[in-house]
Structures are given as structure tokens and as C-alpha cells.
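Here the protein sequences line up with chains A and B, keeping their order.
Counting along the first sequence from 1, when you hit position 230 you're at 230 in the working numbering, and nothing is skipped either side.
Counting along the second sequence from 1, when you hit position 48 you're at 48 in the working numbering, and nothing is skipped either side.
No lab work stands behind these hints, which were simulated from the structure alone.
All of these numbers come straight from a predicted model, not from anything done at the bench.
Among the clues, some could well be false.
Chain copies aren't distinguished; within one or between two, either way the pair holds.
Calculated cross-link-like contacts (lysine to any residue; reagent style SDA-like; alpha-carbon spacing at most 25 Å) [said to hold, decoys possible]: (1) 99 - 178; (2) 99 - 55; (3) 211 - 156; (4) 263 - 277; (5) 169 - 179; (6) 99 - 170; (7) 211 - 244; (8) 58 - 48; (9) 169 - 362; (10) 99 - 179; (11) 169 - 103; (12) 169 - 159; (13) 104 - 178; (14) 99 - 159; (15) 104 - 94; (16) 169 - 158; (17) 169 - 156; (18) 99 - 185.
2 protein chains.
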Amino acid sequence: MQENHGYRAEAEAVRYLTLEDVRDMALGTAFLGSGGGGAPVSALLQLEAALASGRQIKLIDLAAVPDDALIAPCGWMGAPTVSEEKLPNGREAIRGLEKLEEIKGQRVFAVFPVEIGGSNGLSPLLIAAERGIPVVDCDGMGRAFPESQMVVFNVYGCSANPVIVTDEKGNVIVLEAVTNAEEERITRVLSIAMGGSCHVIDYSGSGYQMKQHAVRGTISLAIAVGRAVRLARSAGRDPFAALISCLRSSSYYSHGGVLFDGKIVDLDRNTEGGFAVGRAVLEGFGSTERMVVEFQNENLVARRNGTTVATVPDILTFFDRETAEPITTERLRYGQRLKLVGLSVPPLLRTAQALAVFGPQAFGIAEQYQPIEEINGWL
Amino acid sequence: MQENHGYRAEAEAVRYLTLEDVRDMALGTAFLGSGGGGAPVSALLQLEAALASGRQIKLIDLAAVPDDALIAPCGWMGAPTVSEEKLPNGREAIRGLEKLEEIKGQRVFAVFPVEIGGSNGLSPLLIAAERGIPVVDCDGMGRAFPESQMVVFNVYGCSANPVIVTDEKGNVIVLEAVTNAEEERITRVLSIAMGGSCHVIDYSGSGYQMKQHAVRGTISLAIAVGRAVRLARSAGRDPFAALISCLRSSSYYSHGGVLFDGKIVDLDRNTEGGFAVGRAVLEGFGSTERMVVEFQNENLVARRNGTTVATVPDILTFFDRETAEPITTERLRYGQRLKLVGLSVPPLLRTAQALAVFGPQAFGIAEQYQPIEEINGWL
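All chains, please: the whole structure from these sequences, using the hints.
So this is what it looks like as C-alpha cells:
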């Protein structure tokens with residue numbers, strides 16, 4: 001499987017995250033979210049409050065997790081456009097973990113983000129701080145994806161069950177779905193019924209199972225990315241150069257580059273079936289070059305003057321071209337001046353099995369998948 | 001509460017239902033369904049098959065249920081228009097009972113219909129035959145209602161939890177809702193997600209609780225009604241006269257009468273939000289009299305020439321005027337020649353508490369509730 005991908009040579013087994021780490025991570029998850037996962041503003045504010053009140057965020061390596069420990073991937077489901085306005089009551093995830101423990105007859109040893117992207121990358125840290133348990137340095141998608149079955153655990157044959165859905169009113173739902181596709185279908189409907197967002201715990205399993213399948217080291221990667229951008233900004237260096245250089249030092253997400261620099265001249269975005277769906281059209285400065293990016297919560301495909309330059313599962317994220325702040329899809333606005341950054345994903349997200357679940361065809365995109373570094377000559 | 005309402009003086013504590021009983025009951029539940037609960041054709045065919053294969057349907061009095069026994073009201077949720085075409089796989093209810101037993105750590109002693117109306121009145125008999133457990137001679141609504149919180153257990157303060165929703169694919173969902181209204185809202189959405197119908201077990205509880213609140217004797221009433229009509233038909237007597245006379249002998253549902261005799265001249269019916277919603281307009285034979293009946297799965301209000309002659313919770317059911325076969329709302333057709341029969345419901349369905357939950361205002365109907373026997377001078 002994905003042993004020893006080792007982009008983080010300096011890894012410690014245990015690390016307590018600081019406020020600076022968390023702020024750096026917010027930028028990193030917004031980047032790795034490929035435009036999805038929701039803007040991490042509210043999760044970040046809650047994390048800052050938790051740290052200020054003396055709570056600790058203990059990050060541990062996947063290798064440090066006992067094989068028989070119960071581990072719970074956590075995340076919010078729904079349209080980011082909704083999550084911007086519908087705030088959690090703070091008990092949703094805790095209530096879900098309690099229900100999981102009741103079903104399994106076992107304490108949850110640790111949590112991790114089901115997707116490293118955006119707000120969902122950060123929110124499990126809050127659960128860990130709240131419960132006094134560790135967060136594991138890994139995630140289930142290696143980025144963000146719009147649908148719950150687009151997770152490595154599904155790709156490699158694990159069941160989502162039991163699925164625990166909770167909302168801010170206090171409703172608790174346990175779903176045993178016949179297939180992981182049914183899980184997505186039913187929880188999606190529930191997320192809409194619950195006002196457009198709800199907390200979901202799915203694909204929980206043993207430490208052993210997580211070591212087999214989880215995408216390792218993505219929390220520390222997100223922190224490293226944010227740190228590189230922050231240090232570049234404060235030193236007056238180009239944050240995009242710092243970002244790309246930081247990625248190069250990762251053996252796992254190593255091919256990154258700026259795909260376009262321009263402004264939004266057309267934007268079409270709707271909330272459909274619980275998703276933020278649409279496309280953004282950018283035009284270069286003083287040029288007739290056009291970049292069109294289609295998204296379903298996440299940016300899925302980018303075409304420059306009609307030629308495809310990247311598709312899902314590779315990562316495509318817009319940044320403010322001055323501040324290098326990532327802009328998630330629900331925050332795109334007409335006239336914004338942006339850089340579009342592309343990033344290769346790890347090999348386990350590019351296997352035939354993986355592409356069948358979250359390659360271009362899973363989103364109805366015609367193009368066959370081709371690695372971003374090949375298309376753009378970054379090799 | 002509702003002790004000893006005694007319309008069935010000849011009640012035995014235990015009775016094994018025959019094929020004839022079940023067929024009689026199908027007519028009775030279609031009548032008590034007030035046009036809702038779905039046409040019992042498919043449930044009846046399955047019951048006939050179960051009896052033919054040697055299974056037994058054991059009907060017991062509520063008084064014979066031990067106080068500490070676990071009792072499960074059962075029923076299908078969804079638009080009857082859908083249930084007509086989407087057939088069950090036969091395992092939905094059994095899987096739901098197994099899940100309930102797993103949660104409660106107790107065997108289910110007996111089942112009963114959550115509503116006595118239509119197909120839902122009959123389907124729990126099939127579960128009882130399948131599992132070899134009794135069906136209790138009672139129900140939770142004393143008729144059929146379109147929404148799950150319109151049940152006496154909710155009126156008198158019981159919780160719907162745990163709610164167990166199952167579908168023909170094998171999905172199992174356990175809901176712990178914060179309120180009974182939330183239960184309806186969420187299970188309704190699930191019923192739509194599950195293709196328009198699903199099996200629901202809610203308001204399960206102890207024998208003691210059921211004795212406090214259930215509407216007693218409604219299964220044997222349904223059988224008695226069907227039997228009266230059948231005997232009248234075979235003797236060439238007026239089945240409507242036999243029906244009304246049978247009801248008179250019940251001290252509980254004693255005021256019945258024919259409200260209109262005519263044909264459908266206009267029919268408006270849609271499947272909206274998981275319900276069959278609409279209205280039927282009838283015109284008298286050789287007269288200008290008009291009867292308008294509005295329905296939401298069940299017939300809710302009847303107005304003759306603009307004057308209200310009955311409202312929910314009193315029962316309003318269309319019958320074929322020749323055969324005296326009840327016609328449920330999804331089977332109404334333009335041009336049908338029908339009699340509209342009205343029936344008073346028991347006092348526990350007419351309290352202020354009960355009317356707040358399923359009186360006319362709960363359906364957005366302007367008229368204040370007035371007992372059908374008072375409006376029509378049947379006293």
C-alpha cells in the first residue's frame with residue numbers, strides 16, 4: 001500500500017498544535033480542498049477559542065495508533081454555501097462519537113478528517129480538543145471531494161457503516177446502508193432535510209484498517225504549506241514560489257504550479273441537490289487567454305482556451321493573486337483577481353480503482369484522466 | 001382512558017384469523033382508512049399466500065398483553081400512489097423488528113397496525129404470521145392519517161424513538177429524533193429518498209403503555225364491517241344499510257351514514273412532498289347538488305354545496321355505489337359512481353389535545369371541528 005511515502009522526514013510521533021500551526025493549517029486545508037470543504041473561517045475561530053481556553057490539540061502519527069483502536073473519520077456534509085450561514089451548535093460531532101461508542105461498545109481512540117479540504121480538514125481538531133483525544137495525521141481523501149463515497153476506504157473495499165448523522169437540533173440517525181453508494185444517496189438527502197448541512201461519521205474502523213488505507217501525513221502537509229506562505233509573506237517574498245517550493249519537498253504531493261493568472265469575467269453558481277455547482281471563467285490580464293473551471297463544491301476540471309490542463313482527482317485551487325489566500329468555490333465573486341494553482345495527488349488516488357470512484361468520468365466529465373504534471377510538462 | 005369501550009361484546013382473548021376474516025378485514029380497513037392507507041390489494045394477496053402456506057395469524061386482545069412485553073406498531077410510509085407500483089421485498093418489516101430487538105435487548109412480543117386504515121391495517125398481520133407472533137387487536141390512529149405524528153401515542157406524550165426505517169434494498173436507518181414532529185419531517189424525506197415508500201416502526205413501547213393509549217378493538221371492528229357488507233351482498237340486501245347497522249352496534253364508532261350519492265365530475269390529484277394530494281368533485285344524479293372532498297392521502301373535509309358536512313378526524317370514505325367496495329384516494333377516477341360514507345371516531349380522537357394534532361387546523365382547513373353526528377343530525 002502506501003507505506004513510508006515519507007514526505008515529512010522530520011515527523012515526530014506526537015505534536016501539540018499551536019495557534020500558529022492551526023492558522024497555517026487553515027490555509028493549507030483551503031488549498032488541499034481544491035476549492036471545496038468550505039471556507040475554514042468559522043472552524044478556525046472555534047479552534048482559536050478552544051486553545052485560548054486551555055484545550056490541547058494532540059496530533060499523532062498514524063504509526064502511533066494501536067491496531068485494535070477505534071478510529072473515527074469525521075466531517076460535515078452539505079453545500080459550503082449553506083455552511084457559511086448555518087452555524088453548528090458545537091455538540092453534533094460529540095453526540096455522533098457517543099453514538100458510535102454505544103454501537104461499537106468501545107471508546108473512540110482518535111479522530112481524523114474524512115477529507116483534508118477546507119473547513120472539514122480543521123473541524124476534527126476541534127472534536128479532538130473537546131474530547132481530549134488525539135487527531136491522527138492523515139485523512140480519507142487526500143483532498144476534498146463532493147461525495148462521501150469518494151474516499152479511499154470505499155475505493156479499497158471498506159464499508160461506510162455504521163453511518164452516524166447528527167444535526168444542530170439534536171437529531172441522531174444511524175444508517176446501515178446496503179452499499180457505500182446508497183450511503184451517499186441517503187445521507188445527502190438527510191443533509192438537505194437537516195437544513196443543508198449535518199455532521200457525518202462514516203468509515204470508522206480499527207487502527208489497522210486506517211494504516212492500510214488512510215492518506216498519511218496530510219495534516220502536517222497542510223500546516224507546512226500554510227507556514228511556507230506565511231513566512232514568505234512576512235519576508236516580502238513571493239508566496240506562490242514558496243508554496244510550490246514547499247510542495248517540491250514533499251515526495252507525495254510534489255508537482256505543483258500556477259496554471260493561470262487572471263480575473264473572473266463570468267461566474268455561474270447554484271445550490272443544486274445539496275451541492276454548490278457551477279463554473280468560473282477567467283481572463284488573463286491584457287491577453288485574450290481564457291481559463292474555464294467547472295466545480296461541484298470542488299473545482300473539477302480546468303480548460304485553458306478550450307484545452308484541458310487538469311482534471312479531478314488532481315487539485316485545482318484559486319488563490320487571491322495578491323495575498324495568496326485560497327478562495328473556496330462559494331467565495332468566488334465576479335471581478336476577483338486570482339491565480340489558479342494545480343497540484344498532483346498521491347499515487348493511491350490515481351489507481352484505476354480510485355479513478356473509477358472519483359476520476360473525471362465519476363463527475364460526467366468527458367476527458368480521460370491524465371496526470372497534471374504530464375499535461376503541463378512539470379516532470 | 002379508554003377502558004371497556006365494549007363495542008365488541010363477543011370478544012375472545014385469542015382468535016386465529018381465517019382467510020374469510022382477512023378478506024372481510026380488507027374491506028373494513030379500506031373503510032376505516034378514510035380513503036388513505038393505500039388499497040389493501042397487495043397486502044391481501046400476500047396474506048392469502050401466507051395462510052395457504054400454513055402460517056397462522058393469531059389475534060389477541062390488548063388486555064392479554066403482559067405489561068412488560070415489547071410491542072411494535074408497524075406501518076408503511078409514503079404516497080399510496082407509489083405503493084401501488086413499488087412492491088416490497090417482504091423482508092423490510094422483519095429487518096426492522098430485528099433491529100428494534102437489537103436496540104432494546106428484548107424480543108418483540110407482538111405487533112399491531114400503527115394505523116388501521118387501508119393496506120397499513122393489514123400489513124402487520126403478515127409480519128405476525130411471518131414471525132409467529134400475535135397481532136394485537138388495536139391500532140395507533142383509530143383510522144388512517146397522512147403524517148406519522150398524528151398518532152394517539154404522540155397526542156398523549158409518548159416518544160416515537162427509536163424510529164426504524166427500512167427499505168426494499170436492505171437499508172436500515174435508526175432515528176432518534178428530538179421531537180415527534182422532527183421524526184415525521186425526517187422519515188418523510190427518507191420515504192421519498194427510498195423511492196416513495198419505506199417501512200417504519202415507531203412509538204414502540206411496553207404492553208402497559210399500549211393499554212394506556214392504543215385505540216382498542218379496531219381490527220375486529222374492521223372484520224365485522226367487512227363481514228356485514230359481505231353477508232348483505234350475498235343475501236341481496238343493501239350493503240350500505242348493513243354497514244351502517246353494523247356500526248350502530250359498536251359503541252365506539254357508532255354514528256355512520258351516507259353523506260352523498262353521485263359521480264365524480266372533476267378530479268385533481270398530485271403526488272406532492274410524498275403525499276397524494278388533491279380534491280374530488282361529485283355531482284348528484286339528476287340534481288345540481290355538488291360534494292367536494294379534499295384529501296391528503298386521506299379524505300379530510302367534505303362540503304355539500306359549499307356547506308361543510310364533515311371534517312377530519314371523522315372518517316370520510318368513498319364506496320362504489322353498486323358493489324359497496326371502498327375506493328381509496330389513489331384509485332379515484334373521473335366518472336366513478338360513488339357513495340360517500342361518514343363515520344364518527346372515538347372520543348379519545350376528539351379531545352382538545354387530539355384535535356391540536358390531527359384536527360382540521362393541523363391540515364390548514366379553516367373550519368372548526370364539529371362532530372359529524374351533530375352536523376348531520378344523526379344523534
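If any of the earlier hints don't hold here, list their numbers in rising order.
Of the numbered hints given earlier, the structure breaks just one, which is hint 7.
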